[in-house]
Amino acid sequence: MSRRSIYKFRLFVADDTMNSNQAKANLTTLCERHLSGRFEIEVVDVFKEPQRAILEGIRMTPTLLKLSPLPIRRIVGTLIDTHRVIEALGLDTHVA
Amino acid sequence: MKLDGSSLATPLRKAPSGIIGFDEITGGGLPLGRTTLVVGGPGSGKTIFALQYLVNGARSFGESGIFVAFEETSKRVTANAESFNWQLPQLRRKKQLLFIDAQPNFDLVQTGDFDLCGMLAGLGLQAKQMKAKRIVFDALDIVLALLPDLSARRREIHRIHEWLMARELTCIITLKAAPDEPFSITQQPYGFMQFMMDCSVILNHSVVLGVSQRNMRLLKYRGSGFDENESPFVIGADGFDVAVVRVLGRANAKVTNERVTSGIKRLDTMLGGGYYRAACVLITGFPGTAKTTLSGAFAEAACKRGERTMFVSFDSDGTEVIRNLASVGIRLDRYLRSGLLHMVSARTIIGSAETCLVRIKAIALAHRARCLVIDPVSALSNTGNDMRPYGVGQRLIDWSKADRITLVCTSLLSEISGQAESDSLHISTLADTWIHLNYLVQAGERNRGMSIIKSRGTAHSNQVRELILSNAGVTLADIFTAGGEVLMGTMRWEKESAEQVASEVAEVAGKLSRVTLATQQAELQVRLKAVQTELIAKQVEKTLLTRSTASRKAVIRRGGERMRELRGADAPRRK
Chain A
1 MSRRSIYKFR LFVADDTMNS NQAKANLTTL CERHLSGRFE IEVVDVFKEP QRAILEGIRM
61 TPTLLKLSPL PIRRIVGTLI DTHRVIEALG LDTHVA
Chain B
1 MKLDGSSLAT PLRKAPSGII GFDEITGGGL PLGRTTLVVG GPGSGKTIFA LQYLVNGARS
61 FGESGIFVAF EETSKRVTAN AESFNWQLPQ LRRKKQLLFI DAQPNFDLVQ TGDFDLCGML
121 AGLGLQAKQM KAKRIVFDAL DIVLALLPDL SARRREIHRI HEWLMARELT CIITLKAAPD
181 EPFSITQQPY GFMQFMMDCS VILNHSVVLG VSQRNMRLLK YRGSGFDENE SPFVIGADGF
241 DVAVVRVLGR ANAKVTNERV TSGIKRLDTM LGGGYYRAAC VLITGFPGTA KTTLSGAFAE
301 AACKRGERTM FVSFDSDGTE VIRNLASVGI RLDRYLRSGL LHMVSARTII GSAETCLVRI
361 KAIALAHRAR CLVIDPVSAL SNTGNDMRPY GVGQRLIDWS KADRITLVCT SLLSEISGQA
421 ESDSLHISTL ADTWIHLNYL VQAGERNRGM SIIKSRGTAH SNQVRELILS NAGVTLADIF
481 TAGGEVLMGT MRWEKESAEQ VASEVAEVAG KLSRVTLATQ QAELQVRLKA VQTELIAKQV
541 EKTLLTRSTA SRKAVIRRGG ERMRELRGAD APRRK
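Residue numbers (my numbering), protein chains in the order written: chain A, 1 to 96; chain B, 1 to 575.
Heads up, a few of these hints could be off.
What the hints assert, rightly or not - The list that follows gives simulated cross-link-like pairs (lysine-lysine, DSSO-like), each with its CA atoms no further than 30 Å apart:
1) B:Lys-14 with B:Lys-94
2) B:Lys-128 with A:Lys-48
3) B:Lys-538 with A:Lys-48
4) B:Lys-94 with A:Lys-48
5) B:Lys-553 with B:Lys-542
6) B:Lys-131 with B:Lys-265
7) A:Lys-48 with B:Lys-95
8) B:Lys-14 with B:Lys-95
9) B:Lys-131 with B:Lys-75
Unchecked claim - If you want a taste of the chain B side facing chain A, the calculated C-beta under 10 Å gives, among others:
10) Phe-61
11) Gly-62
12) Pro-104
13) Thr-111
14) Ala-121
15) Ala-145
These aren't lab readings, by the way, just hints derived from the structure by calculation. Where is the CB? At the ideal position from N, CA and C, for every residue including glycine.
With the sequences and hints as input, model every part of the structure.
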């Protein structure tokens, strides 16, 4: 995997709830620490764009999708355990 | 304080489920715009119940619905429901029914808390697009179990509840309960759910004495009265069929004065014209008292009239029944061939009494039977448990009356139960006509006696008759009571012959005395004439005598005067 590959994330949240904010904050912190400069995060509010939640089959929120590099990975929750998130998403974190 | 109607809250509106029996138990269906919890062990029929609610909503009430499947995939759910003829693919095409697969992926990595907003957001859009009125969350416990703690579960339940309330969807949530303890749901971990639900239904599936029995019970129904008892149900060809003890309105089936023949002329006479149409006739008796024969005669007569008839036999095969009845001159085979008669060998029906009843109902409906024979109905109490047969008997009668089917059922009495003229299903109290058959053992013979114990609404003979079977058919003979003893069979024949001889003798004696009397009469008349003639003669004689006496007196007087004149000696008499 190239060091230069850009990580694309899509985070589905619901409204402005505590779970949503925690997930957003945890993801941003993680990316900034481990993927500095090579990540893109798109936040989708399921209540504002329910059609996209249906398309992606989102049942639980927050749900994080890693769209690239492939394979697509999916993780649910507030992403509180950084180590598990890194492991589950197969992130390349050599910089750390 | 006086309460008037306007000050009371408007009655709870209900969403009919269209499930046979359930709407009757609940007085109209599920609470409209509210949530109903359906709880039961594995295989208790939760999913079928919930799906049927949606299917009926779409097909019968024009309300589209969403089925959210948490456990089984929608593919499996639809495949399992294929046998019910619900036309799911058609409903899906017409967008009246939407399946949503929400099975959690167990490989899914989860870290930290989460909620179900994603699902609800999607559902909100879909419900709006298809204008859904009904929704089912099937096996919600699956997704709740993923939530980290009780407070999170509680929060999500609240979330779903509020989401539903805001959209005024009538919802069914199904939950699994431990198989042995269906009531565990009222305790943790889902106990708190009970308080958010307006109606909760418990389904259970148990085995009593080796026979499967399904029951439904309403635990609560806010703001509505309901039937609190357990109601047996079966899952039949069209889904749920909940047995209801008495359906209001249906109980007052239209009565008729039309009579149908029992197939035996003299029995019709005894009943004052036959059985009533749509009546329930019970024939009780010990084994071999010709119960089947009597019901066979009824079936034959019904076929002769061209009425579609169904004969359910628990004892033997249909062909055996036909052969046996042919031996007493009851020919059913031709009607079987023409399709007018349907023989059902009920030994093939396996299951509880309820299952049997539902199967019988289904077959009768398919055959469009107007006359039904169940031989013997007491078999219903054997298959299964003793706890319920009363309900079965009652429902059998309710149903046959409502569908205007004339029902003849036989009931076996065991020798041990003694002379008690009653039956195990307690149909006797409900039956309109009750005919009892028994044996009379006398002078080395066993003869069949028949009596009518009751027959509602008809004058009926109180006499015991002797039932005689021959290859010419069934007849009833008068019995003899002599010295307080009932005579049948040979003794009756002897008595009959003796009577006949006696009557012949009496007739001859009568003739004789008539002749004698005639003679005496003639004699007397002759004598009377003679005496009358004599009387006339005497009268004439008497007149004659009187007259001659008078003339003599006159002669004497005139003679005296003449002599005085002639003598002249005497002075004229002066007075």
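Checked hints:
1. B:Lys-14 with B:Lys-94: Within the cut-off at roughly 25 Å; holds.
2. B:Lys-128 with A:Lys-48: 14 Å, holds
3. B:Lys-538 with A:Lys-48: 147 Å, violated
4. B:Lys-94 with A:Lys-48: Satisfied, since the Cα-Cα distance of roughly 27 Å is no more than 30 Å.
5. B:Lys-553 with B:Lys-542: 17 Å, holds
6. B:Lys-131 with B:Lys-265: Not satisfied, since the Cα-Cα distance of roughly 64 Å exceeds 30 Å.
7. A:Lys-48 with B:Lys-95: At roughly 24 Å apart (the allowed maximum being 30 Å), Lys-95 (chain B) and Lys-48 (chain A) satisfy the hint.
8. B:Lys-14 with B:Lys-95: Given pair Lys-14 (chain B), Lys-95 (chain B) holds - Cα atoms ~23 Å apart, limit 30 Å.
9. B:Lys-131 with B:Lys-75: With a Cα-Cα distance of about 23 Å, the restraint between Lys-131 (chain B) and Lys-75 (chain B) holds, given a limit of 30 Å.
10. Phe-61: Hint on Phe-61 (chain B): violated, closest Cβ of chain A at ~26 Å, above 10 Å.
11. Gly-62: Violated. Min distance 25 Å.
12. Pro-104: 7 Å, holds
13. Thr-111: For Thr-111 (chain B), the interface hint holds, since the closest Cβ of chain A sits about 4 Å away, which is under 10 Å.
14. Ala-121: At about 4 Å, which falls below the 10 Å cut-off, the nearest Cβ of chain A leaves the hint on Ala-121 (chain B) intact, so it holds.
15. Ala-145: 13 Å, violated
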